[in-house]
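Produce the entire structure from the sequences given, and follow the hints as far as they go.
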Amino acid sequence: MSDTDDLNEALLQASKEGKLELVRSLITQGADVNVKDKENATSLMRAVSRNYKEVVKLLLEKGADVNAVNDWGYSPLKYAKKLNLKEMENILREAGATDNK
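Going by my numbering, the first residue of the sequence shown is number 1, and it counts up by one from there.
To be clear, the hints were calculated from the coordinates, so they are not data collected in a lab. Don't take each hint at face value.
What the hints assert, rightly or not - SDA-like mimics (lysine to any residue), calculated; alpha carbons at most 20 Å apart, straight line:
#: 1; residue 1: Lys53; residue 2: Asp3
#: 2; residue 1: Lys38; residue 2: Asp65
#: 3; residue 1: Lys53; residue 2: Gln13
#: 4; residue 1: Lys16; residue 2: Lys53
#: 5; residue 1: Lys82; residue 2: Lys62
#: 6; residue 1: Lys16; residue 2: Asp37
#: 7; residue 1: Lys62; residue 2: Glu89
#: 8; residue 1: Lys36; residue 2: Ser25
#: 9; residue 1: Lys57; residue 2: Thr98
#: 10; residue 1: Lys82; residue 2: Ala68
#: 11; residue 1: Lys82; residue 2: Asn70
#: 12; residue 1: Lys53; residue 2: Asn90
#: 13; residue 1: Lys16; residue 2: Gly63
#: 14; residue 1: Lys16; residue 2: Gly73
#: 15; residue 1: Lys81; residue 2: Gln29
#: 16; residue 1: Lys53; residue 2: Gly18
#: 17; residue 1: Lys38; residue 2: Ser25
#: 18; residue 1: Lys16; residue 2: Gln29
#: 19; residue 1: Lys62; residue 2: Ser25
#: 20; residue 1: Lys36; residue 2: Gln13
#: 21; residue 1: Lys53; residue 2: Lys38
#: 22; residue 1: Lys82; residue 2: Gly63
#: 23; residue 1: Lys16; residue 2: Asn67
#: 24; residue 1: Lys62; residue 2: Gln13
#: 25; residue 1: Lys16; residue 2: Lys36
#: 26; residue 1: Lys81; residue 2: Ile91
#: 27; residue 1: Lys36; residue 2: Ala68
#: 28; residue 1: Lys82; residue 2: Ser49
#: 29; residue 1: Lys82; residue 2: Asp99
#: 30; residue 1: Lys53; residue 2: Ser2
#: 31; residue 1: Lys53; residue 2: Glu21
#: 32; residue 1: Lys36; residue 2: Gly73
#: 33; residue 1: Lys53; residue 2: Leu85
#: 34; residue 1: Lys57; residue 2: Lys38
#: 35; residue 1: Lys82; residue 2: Asn67
#: 36; residue 1: Lys19; residue 2: Arg50
#: 37; residue 1: Lys16; residue 2: Glu61
#: 38; residue 1: Lys38; residue 2: Ala68
Structure below.
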């Protein structure tokens with residue numbers, strides 16, 4: 001595994017855990033904001049599904065794909081809607097999220 005792979009895996013984990021400053025540091029070190037796990041879930045999806053608004057805002061600011069879709073057909077917006085996270089839905093829509101079918 002390369003250093004970049006390590007950074008990317010750490011970013012996925014930090015996003016899932018809501019560790020804002022670690023997410024910021026990993027991105028600064030070169031982690032890919034659009035990295036996907038084995039099920040094609042992104043860091044953004046992980047942060048959205050746990051309602052970590054500040055992490056979501058940072059990932060979006062750094063270029064995370066707001067309309068990425070995982071293996072189950074879920075986008076970040078679809079997660080927010082499923083979990084009834086209205087404020088998160090608004091954040092994602094303001095960033096250009098669209099409803100996927």
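Each hint tested on the structure:
| no. | hint | in the structure |
| --- | --- | --- |
| 1 | Lys53 to Asp3 | violated, 28 Å |
| 2 | Lys38 to Asp65 | holds, 17 Å |
| 3 | Lys53 to Gln13 | holds, 16 Å |
| 4 | Lys16 to Lys53 | holds, 12 Å |
| 5 | Lys82 to Lys62 | violated, 25 Å |
| 6 | Lys16 to Asp37 | holds, 12 Å |
| 7 | Lys62 to Glu89 | holds, 18 Å |
| 8 | Lys36 to Ser25 | holds, 18 Å |
| 9 | Lys57 to Thr98 | holds, 17 Å |
| 10 | Lys82 to Ala68 | holds, 16 Å |
| 11 | Lys82 to Asn70 | holds, 15 Å |
| 12 | Lys53 to Asn90 | holds, 11 Å |
| 13 | Lys16 to Gly63 | holds, 18 Å |
| 14 | Lys16 to Gly73 | holds, 19 Å |
| 15 | Lys81 to Gln29 | violated, 32 Å |
| 16 | Lys53 to Gly18 | holds, 9 Å |
| 17 | Lys38 to Ser25 | violated, 23 Å |
| 18 | Lys16 to Gln29 | holds, 18 Å |
| 19 | Lys62 to Ser25 | holds, 12 Å |
| 20 | Lys36 to Gln13 | holds, 11 Å |
| 21 | Lys53 to Lys38 | violated, 24 Å |
| 22 | Lys82 to Gly63 | violated, 24 Å |
| 23 | Lys16 to Asn67 | holds, 18 Å |
| 24 | Lys62 to Gln13 | holds, 17 Å |
| 25 | Lys16 to Lys36 | holds, 13 Å |
| 26 | Lys81 to Ile91 | holds, 12 Å |
| 27 | Lys36 to Ala68 | holds, 10 Å |
| 28 | Lys82 to Ser49 | holds, 9 Å |
| 29 | Lys82 to Asp99 | holds, 12 Å |
| 30 | Lys53 to Ser2 | violated, 30 Å |
| 31 | Lys53 to Glu21 | holds, 13 Å |
| 32 | Lys36 to Gly73 | holds, 14 Å |
| 33 | Lys53 to Leu85 | holds, 10 Å |
| 34 | Lys57 to Lys38 | violated, 24 Å |
| 35 | Lys82 to Asn67 | holds, 15 Å |
| 36 | Lys19 to Arg50 | holds, 12 Å |
| 37 | Lys16 to Glu61 | holds, 17 Å |
| 38 | Lys38 to Ala68 | holds, 14 Å |
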